[in-house]
Each structure stands twice: as C-alpha cells, then as structure tokens.
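Undergrad: Listed below, chain by chain, are the residues.
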Amino acid sequence: MFARTSAAVFLPQCGQARSMATLKDITLRLKSIKNIQKITKSMKMVSAAKYSRAERSLKSARVYGTSAMALYEKAEIKAPEDKNKHVIIGVSSDRGLCGAIHSSVAKAIKSEIAKLSGAGKEVMIVNVGDKLRGLLYRTHGKHILINCKEVGRKPPTFTDASVIATELLDSGYEFDQGSIIYNRFRSVISYKTDEKPLFSIDTVASSENMGIYDDIDADVLRNYQEFALVNIIYFGMKESTTSEQSARMTAMDGASKNASEIIEKLTMTFNRTRQAVITKELIEIISGAAAL
Amino acid sequence: MMAARFLLRRAVPALRHARCYADAPAAQMSFTFASPTQVFFKEANVKQIDVPTLTGAFGILPAHVPTLQVLRPGVVTVFNDDGSSAKYFVSSGSVTVNADSSVQLLAEEAVPLDSLDLAAAKANLEKAQSELGGVSDEAARAEVLISIEANEAIVKALE
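Listed in order, the protein sequences are those of chains E and W. If you read the first sequence in my numbering, its first letter stands for residue 1, the second for the next number, and so on. If you read the second sequence in my numbering, its first letter stands for residue 1, the second for the next number, and so on.
Accuracy of the hints is not assured; some may be wrong.
Covered stretches of chain E, as calculated for chain W (at least 3 residues, CB under 8 Å) [what the hints assert, rightly or not]:
no.	stretch
1	60-68
2	206-214
3	220-230
Straight-line C-alpha distance at most 27 Å; calculated DSSO-like pairs for lysine-lysine [stated by the list, open to error]:
no.	chain 1	residue 1	chain 2	residue 2
4	W	K87	E	K59
5	E	K115	E	K196
6	E	K196	W	K42
7	E	K280	E	K24
8	W	K42	E	K192
9	E	K196	E	K85
10	W	K122	W	K156
11	W	K42	E	K50
12	W	K42	E	K59
13	W	K47	E	K59
14	E	K83	E	K50
Selected chain E positions facing chain W (in silico; Cβ < 8 Å) [unchecked claim]:
no.	residue
15	S57
16	L71
17	K74
18	F158
19	Y234
Hints listed in this document are in silico derivations from the structure and should not be mistaken for laboratory results. Keep in mind it's a predicted model, so treat the numbers as computed, not measured. Virtual Cβ for every residue (Gly too), placed ideally from N, Cα, C.
Based on the provided sequences and hints, a complete structural model is requested.
TA: Written out as structure tokens, the structure reads:
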C-alpha cells in the first residue's frame with residue numbers, strides 16, 4: 001500500500017526541471033498520506049481491541065497449556081538421541097503488518113532444520129499460517145508437510161487445534177519427536193520466539209520415569225498423548241495470536257507517528273510553496289502595472 | 001531473591017527421590033482443573049476429587065499413586081477442605097497425578113452441573129437415539145454414539 005502510492009506520487013517530481021514540486025503535487029501527496037494515517041490509526045485501534053480480548057483468554061489458556069506440559073516436565077521425558085524423524089510445528093498467521101512476528105518464527109525454523117539436517121535427521125514442517133508458507137516454501141519446500149490457511153482472522157479455538165493435530169496424526173508421517181515454535185507473549189511491547197518439545201507415543205511409553213505411573217495401558221496412553229498434542233498446539237496458537245496483535249498495534253502506532261511527521265513536513269512545504277506562488281503573482285502584477 | 005532461587009534448586013532433587021515422611025508437601029495436593037476457555041481451580045488444596053475415566057470412576061486423595069487417565073463424559077466432584085463439594089460435568093479430557101501429589105485435570109469442555117438443563121438433555125438424548133437408526137457411515141455413527149453417551153451421562157447426573 002505504501003509502496004504503490006509513493007511510486008505514483010514520486011513520478012511527476014522526477015520529470016520536472018524545477019526542484020520544488022507544484023502545489024497540486026504536494027496537495028495530492030498530502031491527501032494520500034493523510035488517508036494512510038487514518039488507516040493505520042484504525043488498524044491500531046482494531047488490533048488494540050483484539051489484543052485485549054486475546055490477552056484475557058490467554059490467562060486461562062496459559063494455565064491449561066502449562067498443565068498439559070506438566071507431565072513431560074515432571075517425569076522429565078527426554079527423547080533418545082538416536083531417533084531420526086522430527087516434526088516442527090511453526091505457529092504464525094496469514095496477515096502481515098505485524099513487525100517481525102512471521103520472520104522470527106521462520107528464522108528459528110530454518111536454524112532448527114539446519115541443525116537437525118546437519119546431524120543427519122529427517123525433518124518435516126507443519127505451517128500454521130500462510131505467511132510462514134510464503135517464507136519457507138522457496139528454500140525449504142521439500143520439508144513442508146502440512147500448510148494451514150485462514151489462521152488469524154478469528155481467535156483460535158480448541159477445535160482449530162484439534163483439526164491441526166488430526167491432520168498431523170493422519171498424515172502418515174511417524175515422527176519420534178518434535179517441537180512447536182511460537183511467539184510467547186511477554187508484554188504489550190515484547191514477545192519472544194519460544195520452542196516447546198513434543199513427544200511421540202513410543203518415546204513417552206519407553207521413557208524411564210513412566211514406570212512410576214500406575215495402571216497405564218497402550219490405549220489410554222495413546223488417547224492421552226493425542227489430547228496433549230492438541231493442548232500444546234492450542235497453547236502455542238493462543239500465545240501466538242496475543243503476541244501478533246500486540247506487535248501489530250506497535251507497528252501501526254509507529255506507522256501513524258511516521259505519517260504525522262511526514263504530514264507536518266509536507267504542510268510546511270505546502271505553505272511555503274503557496275506563499276511563493278502568491279508572491280510571484282504579486283510581482284508579476286506589480287511589474288506589469290509599473291510597465292504601464 | 002537469590003536465596004529463594006538457591007532453595008528452589010535444592011528442593012527439586014528432593015522431589016525426585018522416593019517420598020519420605022519428612023516431606024510435608026505430600027500431604028497436600030496441588031489441584032489444577034481447567035478447560036481451554038476457563039480455569040476452575042489453579043494449584044488449589046482440596047481434600048478429594050472424584051473423576052469418571054474410561055476405566056471407571058475413582059477418587060483421588062493427596063498422595064495418590066501417580067497415574068494418567070483419560071476422562072469420559074461424566075461428573076467430576078471436588079471436595080474442598082471445609083467439607084463443601086462442587087460438581088462439574090466434563091465431556092472428555094485427561095487427568096494426571098504426579099509423584100509430587102499434583103493433579104492436573106484438563107477437560108475439553110467443563111460446566112458446573114447447575115448450568116445444565118435436564119429437559120434439554122433428555123430431548124437431545126432422544127434425538128440422538130432416533131438418529132442412530134438412520135446413519136450408516138462409520139464416522140457419523142461414531143459421532144451419534146458419542147452424543148448418546150454424553151447425553152445419557154448428563155441425564156444420569158442431573159437425576
């Protein structure tokens with residue numbers, strides 16, 4: 001949006017012999033930048049509303065998500081080093097104009113792939129969000145397993161997370177372990193790209209500390225694992241949305257401030273040009289009258 | 001603050017060993033009960049919890065043996081320290097009892113029992129039972145069976 005309008009406005013200035021633009025050009029540019037400022041301001045308000053809603057629901061989602069991972073932490077389940085199949089779930093969204101949200105997740109995924117491929121392991125990616133697909137498919141297209149679209153328009157629900165988990169489990173890719181990379185929300189102005197581990201059913205079943213848990217059969221464990229997978233994905237999506245909305249708020253706020261700076265500068269230029277034009281006309285009139 | 005962190009690091013190894021009588025925390029359970037949208041209990045101290053699982057209903061008290069279970073549609077009863085109890089209906093989910101006596105009850109959907117309507121539940125049950133005869137597709141049949149089971153559990157809980 002920015003690029004298009006500025007390109008259209010810059011053209012007349014390059015073609016002219018004079019260094020200062022005419023009044024019409026400045027008026028055009030001023031009008032377009034004022035429109036852009038209105039848009040970024042309203043986007044900021046919309047993001048602020050979505051952010052407050054997301055942050056409220058994040059409070060309970062956080063309790064839910066950390067409890068879901070409590071088992072893995074308390075039983076200290078670690079994946080054995082010799083397992084080869086990894087899966088990485090990258091959580092982002094479809095929409096841009098939110099700062100470095102998508103690129104930070106993509107960067108983390110790329111470095112993980114480089115590390116794991118260097119160690120000779122097989123990695124596949126699940127993209128939650130179209131922007132991630134755009135960032136990754138050119139260089140790591142052959143690692144992409146699943147793409148998810150229509151993410152980010154509405155707040156994520158447990159149903160969305162379960163759809164993603166079902167797709168992953170039905171895909172036929174028998175992963176041994178994996179991680180979910182998402183943006184953890186820290187505060188309105190800061191977020192951090194974080195990684196949480198995922199384990200497969202076999203890894204959990206064969207982990208040494210599982211022996212203390214009583215009365216577990218394979219069916220129960222499988223159900224439990226599938227439920228835990230959905231929980232972790234849901235948690236990642238909730239944190240991600242909150243970080244994204246707060247980042248968009250910050251980005252649009254910065255854009256509005258930049259736009260008002262430009263508007264101030266342009267208004268000064270406009271007034272100076274206007275006064276110059278008036279002075280020029282006066283001089284012409286006066287010199288014309290003097291000639292009579 | 002540094003002292004507290006140091007203490008915490010030292011306390012963690014103690015949890016990994018077998019419980020000994022000197023460990024006071026084993027007498028209390030840290031109970032967390034949440035659904036994706038709502039938190040009912042967060043690290044609360046309660047006396048007992050009754051949960052309906054796929055392998056049967058059982059009660060969890062502090063110092064219960066560690067276990068993992070999957071929930072089925074039914075009523076969860078939480079007995080507080082002061083003797084009062086609260087009932088919730090859960091649709092499905094999981095319950096984890098850890099070695100340090102912390103219990104995480106994660107339900108996919110959970111509502112307090114008072115907010116369920118018996119008449120609506122009975123109507124839903126009859127509708128689901130009549131649908132059962134009509135469906136032939138495996139997935140649709142499974143959905144109808146789930147609906148029947150859940151509605152039956154609601155009706156049984158409310159009566």
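Undergrad: Are K115(E) and K196(E) close enough, with their CA atoms no more than 27 Å apart?
TA: The hint holds at about 16 Å.
Undergrad: For the pair we were handed, K42(W) and K192(E), check the Cα-Cα distance against 27 Å.
TA: holds, 25 Å
Undergrad: With a Cβ-Cβ cutoff of 8 Å, does the stretch 220-230 of chain E contain at least three residues near chain W?
TA: Per the Cβ count (6), the hint holds.
Undergrad: Hint check: K196(E) vs K85(E), CA-CA at most 27 Å. Holds or violated?
TA: Holds, at about 17 Å.
Undergrad: Please check whether Y234(E) passes as an interface residue: C-beta within 8 Å of a C-beta belonging to chain W.
TA: Since the shortest Cβ distance to chain W is 6 Å, the answer is holds.
Undergrad: Hint L71(E) vs chain W: min CB-CB distance below 8 Å?
TA: Nearest chain W Cβ about 5 Å off; hint holds.
Undergrad: Under the criterion that the straight-line Cα-Cα distance not exceed 27 Å, is the pair K87(W), K59(E) satisfied?
TA: Within the cut-off at roughly 23 Å; holds.
Undergrad: With the threshold set at 27 Å, check whether the alpha-carbon distance from K196(E) to K42(W) stays at or below it.
TA: Holds, because 22 Å separates the two Cα atoms, which is no more than 27 Å.
Undergrad: Can you confirm whether the C-alpha distance between K47(W) and K59(E) stays at or below 27 Å?
TA: holds, 26 Å
Undergrad: Against the 27 Å threshold, does the CA-CA distance of K42(W) and K59(E) hold or violate the hint?
TA: Judged against 27 Å, a Cα distance of about 12 Å means the pair holds.
Undergrad: Can you confirm whether chain W covers the stretch 60-68 of chain E, using C-beta to C-beta distances below 8 Å and requiring at least three such residues?
TA: holds (count 6)
Undergrad: Between the stretch 206-214 of chain E and chain W, are there enough contacts, at least three residues with CB-CB distance under 8 Å, for the coverage claim to hold?
TA: holds (count 3)
In terms of the numbered hints stated before, the structure departs from hint 14 and from no other.
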